[in-house]
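Please construct the entire structure, taking both the sequences and the accompanying hints into account.
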Amino acid sequence: MSPRTAIDRVFDILARRLDGPLMVTLVVLAALSLAVVYSASGQSNDRTLGQARNFAVALVVLWVAAKIPPQQLMRLAVPIYIAGLSLLVSVALFGDIRNGARRWLNLGFITIQPSEIMKIGVPLLLAAYFHRKEDGLNMKDYFFAGLILLLPAGLIMRQPDLGTSVLIFSSGFFVIFLAGLSWRLLIAAGIAGLAALPFAWNMLHDYQRTRVLTLLDPGTDPLGAGYHIIQSTIAIGSGGVFGKGWLNGSQSRLDFIPERSTDFILAVLGEEFGLIGLLLLITLYLIIIGRGLMIAINAPTTFSRLLAGAITMTFFTYAFVNIGMVTGVLPVVGVPLPLVSYGGTAILSMFMGFGILMSIASHKRLVST
Amino acid sequence: MIGTAIKNREAELNTFRNRVLVAGIFILIAFGALASRMFYMQVIKRDYFHNLAEANRISLVPLVPNRGIITDRNGVVLAANYSAYTLRVTPSKVKDLDAAFDALAGIVDIQPRDRRRFKRLLEDSKNFESLPLRNRLNDEEIARFAVNRFRFPGFEISAGLFRNYPFGEVASHAIGHIGRINDADLKRIEANGLTIKYKGTDHIGKLGIEGSYESELHGTTGSEQVEIDSGGRAIRSLAKSESIAGNNLTLTLDIKLQKIAEAAFGDFRGGLAAIDPNTGEVLALVSKPGFDPNLFVDGIDPQNWDLLNNSPDKPLLNRVLRGAYSPGSTLKPFLALAALESGKRTPSQSIRDPGYFGLPGVAHRWRDDKEGGHGVVDMHKSIVESCDTYYYQLASETDIDKTAEFLSLLGFGAKSGIDIGGEMEGILPSRAWKEKQHARGLADSPKWHQGESISTGIGQGQNSYTPMQLAHAVAAIANDGVAYRPHLVRNVVNAGTGLVRNVSDQPAAYPATRLPIKIENIAVIKAALVGVTTEPGGTGFRPFAKAGYISGGKTGTTQLFNLKGEKYKEGAVSHRLRDHSWYIAYAPADKPIIALAVLAENAGFGSATAAPIARAVMDYYLLGKVPDPKKPIATPNEPKNGD
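Heads up: the protein sequence lines correspond to chains H and P, in order. To convert, note that position 311 of the first sequence is 311 in this note's numbering; the numbers rise steadily by one, no gaps. Start counting at 1 in the second sequence, then tack on 369, and there's your number in this note's numbering.
Hints are computed from structural coordinates only; laboratory data are not their basis.
SDA-like, lysine to any residue: derived pairs with alpha carbons at most 20 Å apart:
(1) K556/P / Y567/P
(2) K462/P / N248/H
(3) K133/H / A380/P
Just so we're clear, the structure is a prediction, and the values are computed from it rather than from any experiment.
Next up, the structure:
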């Protein structure tokens, strides 16, 4: 065997089950993330290298996830969900309080945020549930699915963590929607939801209400909750079409933008790279979402279809909620800009999702329906 | 049945495809909406946002708290703040710094030294922060700059508080100084989670009281939200939360006593610690030569730094806490006390001193300081006349580990725990210490030799202690075996409310430690220490003649020149190899209120230099006598029966 073919073989083994278009897009996004994090962190090498490490670790997780066949994932659905739910209940009962929110559970050797587990646990169980019921669904099934979805979403909302709650709710909702919940029911649920809004409003915490109110009129509270929105819109708007140039954003630089390497990193991107940079980001997101939906359509089983669809749609939700919040059209909730914001957990869980997507894409011929 | 299943599957697949189609359209609409929002912000409203960004913006300005003031025990200010104007430059807003500095000529006086310092600050700063170029502008300069301000974008004058040490070199090692926050400070601030507290703060305590009481002195940073224009200038205030000034400190030091002590040293280098034995309050803490702490406040310029750092006199070395010297004969009273406690000696047990000590089978003779010897010597006389032979013999009969064990009770070989940093432990020799030295490659053998016991037995050899340790030990003896941790801060005063806390005489802050030493044994030693200054044969008799009070004391001399059996001749050795002069003392003898240790480097016998310095300090403290500044206190060229 010549060395050349040996290298090819190693490459084959490494790249097996990975999806070409997705991988290329992810790498481009990762490079963009490093450039923006470097600028947003005030040219901190520590932060930029930390983010590079986050991507490296996430890549390994992606690679491993892509090797796990979808049927095995289906078997894990119930245990993961039950584990996640019991952890959420424990958090509600004995969780640690940080920054006024009870989100963390101290297990002695490690502190975890169980809501992260549910980001994958909810769509996984719902997809598996509908897979069992593929011979026709009735009202009872939808009711049960709704329960699977609302139980964790409600617990997380009470922590309070509105952002994660919305993300988990939507990830589960997408499964139910894709599974074919009738339009009549959807509209009925929508009306019921609107009717329940006043009650939901009452359930919100004061700071959450302020955030919604400030969104409607940021000028009412320019130094409090409105400060984030005002500053991020000024930064983005002043960027213009071509931006002020990398490392040259005055708003980003002068400490005006809060949390500028995490949740509000889009403001730095918008200020320094302008409309062109933002449209490039949206295009990259669209490529990922388009590829994800293609994988979903071509997936062989109900379970893998629904799971692939839900992962893709959840990714979309992340992007939409964050961009909407930073550009001032959605209330401020703690959701990072997917694959760009600094932070290991979010990148890790997203790469795990993409690993599952790739596994679904590559395992389709091996399973007969 | 199978037919329906396939049909269902196809129907389901169709539903799924339709739903994905709906979702896809929804996504395109949603992203389209976001893209049009971006287009609206960045193209249509771009000028509006551009103006907001450039012309008028909201900025959070930290309000730096006033640093706490430091006073001596009588309220004399030792470190204070004064307000002055500084010309600051934001480098990122200036195209050509050198050209701009040149253009400033005739408006504000910029010395080459200011430029050099600015360059150094620029090297380790981020581009977007403003840096001081010139401090303490005068009114004319401020007026001229105000008129020409439009020519200097990125330059601004800001009012600020500066630290001033009115006494300059006096007590500089105790008070310490602040300095600009450097990378190491920044890391420490971050690690302690104090980043917010230090927003806007340029300075931090580096040394002495300023360093160790940083958390008390700094205060709490406030903040103000202001509208600023494109030049970064504040237009109006929107909201404000006031800063809270740092706490004021009242020290235990008496600055007048301190000045007299420092002056008493004349040109000699050395250290002095004076303690109130009843509380552990440090009354004077001298390290000579000192340095002007004002030089360090805004970054010392390279020239002055070289001068201080490379001086052979080492003015930056805190001799009283960091200088470890062999204690010489000042150790004898403590060794005698050890012998009483262990039962090795009774007060009346005496020896006959022929002027030297020899060991059977060893050719070497350890010489006494007095040719021909002291005759018949008991414990009292051994201390009063400082007889070496008595202690050679005692040391030859005593296990070094037992000696070390007793001396460590009195704080030898350990940090005194004074409330400023940098203290050294000195060396308390023992077998374990020797083994460690050997392991480090600093001793030729791990075994302790008896010869070493004998030279350490008169305070020479390996022993080395700081003046602080000696002062602490003599204070404990003066106070009949009750010791206190020495400290420099008497109380902490909240600048706003005036509330006082941590008063040093509160028993909880500095509790008394009763040492396990018999009072009757201490009494024997104290009587001998009084004999040193009151009996005609005493080594401290001449320096304390007609004192007007009775004090206890002991002279000591650190031999730097290896005698090798030769008689030491002062003129024959180079200045830097001359003996160090020691004196420990307390007074008044019956009810001591001051205990001290003096070390003067290369100053000859203890009685010649260190004892007169000690007398000057006690004369002022007990009698209020201020020495004649024209008459030198130290008399190093008068080597009589000094030690």
